[in-house]
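Peer 1: Spelled out from the first residue to the last, the chains are:
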Amino acid sequence: MRPGSLARLFPSRHRGVTLAGALVIGALALVAALAPWIVPGSPTEIAKDHALRPPTLAQPFGMDDLGRSILSRVAHAYRVSLGVAVASVLLALAVGVPLGLIAGYAEGALDQLIMRPLDVLMSFPAILLAIALMAVFGTGVLLVAASLAVVYTPVVARVVRAAVLAAKVEVYVDGARALGAPVPRVVVRHILPNAATPVLVQASVLMAIAILVEASLSFLGVGVRPPAPSLGLMLADGRGFMVQAPWMVVFPGLAIMAAVLGFNMVADGLRDWLDPQQAAGRS
Amino acid sequence: MLVYAARRVALAVPLLLGMSVLIFALMRVVPGDPATVVLGFKATPEGIRALREAFHLDEPVAQQYLRWLAGVTRGDFGLDFRQNEPIGRMILDRLPVTLELTLLAAACTALIGVPLGLFAGGRRGTAADRAALAVGLMGVSIPDFWLGIMLILGLSLGAGLLPSGGWVPFTESPLENLLHFALPALTLAVSRAAVLGRLTRAAVLDTMHRGFVQYARAKGLGEQAILFRHVLPNAAIPIITVLGLQVGYMLGGAIVVEMIFTLPGVGRMTLDAVLERNYPVVQSTVLVIGALFMLVNLLTDVLYGWIDPRVRRR
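Residue numbers (this note's numbering), protein chains in the order written: chain A, 1 to 283; chain B, 1 to 314.
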């Protein structure tokens with residue numbers, strides 16, 4: 001899309017929400033990327049004499065029970081959080097988009113063959129399926145991302161399939177077909193672009209959920225393994241000290257919320273932009 | 001209506017079977033011999049042999065599955081080797097806690113979400129509306145387990161108002177029972193209430209444009225009366241549908257909440273079993289929670305068809 005058209009298509013208010021969300025995510029991603037160079041102290045080095053120190057100017061988030069800087073740990077944990085979110089969504093897109101495309105275009109038996117097993121995956125609450133997968137395959141960053149991808153693939157496939165079903169009856173698709181365009185070309189050039197925007201909205205919603213689910217799994221002890229700093233693990237550690245050192249639970253939680261809020265804002269803005277009629281009714 | 005309901009039920013049966021196959025298959029791909037994994041480091045050759053026999057692990061996998069399925073349909077989930085107790089009984093003991101938590105949370109969700117949405121929708125575009133929208137966005141983004149910790153920190157450890165965990169049977173003391181459920185239900189409800197509030201607002205705004213609302217306004221009805229007598233009943237369909245779906249999601253969220261508030265429900269049982277690598281129990285509880293989730297969605301579908309006859313024809 002040309003940059004000029006963006007401003008025209010995007011009513012300013014929705015652009016504002018989306019941009020604010022994108023800014024939040026951008027800032028957090030920058031913190032994550034630069035974490036080793038900008039944080040005040042090592043995220044893993046144990047310094048018992050600093051244990052449970054309240055927040056100060058130099059250490060605005062305070063110290064944990066082992067004297068580690070909570071700010072440093074939060075910054076490093078964002079690498080895990082955002083990494084898992086991006087990896088799981090990309091993986092789900094890589095599998096879900098082709099599946100949804102084929103199911104929607106082929107319909108009939110092939111559609112059933114693809115979608116019915118995916119329906120089964122969607123018949124579980126997401127977190128329960130993720131926990132069951134982690135129970136079987138073990139814990140660790142990569143497995144969390146893979147489990148989330150399994151949970152998300154049916155969601156992506158459904159969104160793509162719905163967009164394909166709506167687009168394939170359009171006149172321009174018939175036209176392309178009549179002009180003798182081969183099926184792959186019709187699908188990729190003329191049908192797939194219709195799925196791009198709903199998939200984009202869904203992807204940002206899924207990113208928000210991925211951050212929440214990764215944190216929940218790690219908090220429950222079935223997600224990221226302890227030496228790696230994770231926001232969920234920090235909350236689990238902090239629970240035991242929450243009366244003496246509330247900062248141990250306050251800041252990692254706020255950190256999760258900031259990232260989730262960012263992605264939800266992007267999703268909200270995009271959704272309104274995509275569905276101007278509903279947006280007009282909404283606000 | 002009956003045809004519609006029957007069709008929904010018929011669609012659910014293959015899904016349920018699919019779920020059972022998936023869960024069974026998952027638990028069979030656990031790395032290592034299931035018998036060794038279940039017995040852990042205490043495994044002796046005799047113990048493993050006894051367990052292999054008890055679980056019929058030497059039979060073909062398909063036969064094992066059918067045997068398990070046949071048992072499950074009779075409510076027989078087998079024996080838990082750790083506690084030496086029937087798994088079905090363990091689930092039955094814990095299910096009321098999870099169901100009570102879910103129902104109370106659903107009530108909280110409706111009591112917070114619907115008024116929030118009505119409030120915002122009735123004052124479209126005002127500062128109050130924007131504030132309600134912002135609160136909704138924040139609510140959607142709060143990790144519920146963190147909210148639970150914060151509520152414990154503030155309301156039970158800080159102010160000493162409510163218990164921070166544990167459970168008292170309803171039959172023993174209804175008041176104590178409800179007090180113990182207050183924070184968990186609220187924790188589970190907040191983010192869902194935010195979603196419901198946003199949806200209610202959208203549904204209210206959608207209905208506000210309809211002719212009958214304009215007619216009611218034209219005949220001089222007050223805004224309050226319009227909102228409650230004409231708008232709300234029409235906005236109820238999407239609200240009830242979403243609330244139904246949310247009850248399903250709460251069954252998943254209950255796992256985390258039961259753990260934080262040390263409630264003896266099925267969610268906590270699942271998590272404990274996962275952490276102990278007690279696969280026969282995981283297999284059973286995941287199936288039960290999954291089936292409940294599906295049942296709730298099915299009921300929502302049927303209810304939706306009952307309220308809105310147009311849906312039935314699809």
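Hints should not be assumed to be uniformly reliable.
As the list claims (entries may be wrong) - Covered stretches of chain B, as calculated for chain A (at least 3 residues, CB under 8 Å): (1) 131-142; (2) 148-158; (3) 246-259; (4) 277-291.
Read the hints as simulated data drawn from the structure, not as lab findings. The beta-carbon is built from N, C-alpha and C at its ideal position, and this holds for glycine as well.
Peer 1: Against this structure, judge whether each hint is valid.
Peer 2: Against the structure, the hints:
1. Given as covered by chain A, the stretch 131-142 of chain B passes the check, having 6 residues with a CB less than 8 Å from a CB of that chain where 3 are the minimum.
2. For the stretch 148-158 of chain B, the stated coverage by chain A is satisfied: 5 residues place a CB nearer than 8 Å to a CB of that chain, which reaches the threshold of 3.
3. Given as covered by chain A, the stretch 246-259 of chain B passes the check, having 8 residues with a CB less than 8 Å from a CB of that chain where 3 are the minimum.
4. Only when three residues or more bring their CB closer than 8 Å to a CB of chain A does the claim for the stretch 277-291 of chain B stand; here the count is 6, and the claim holds.
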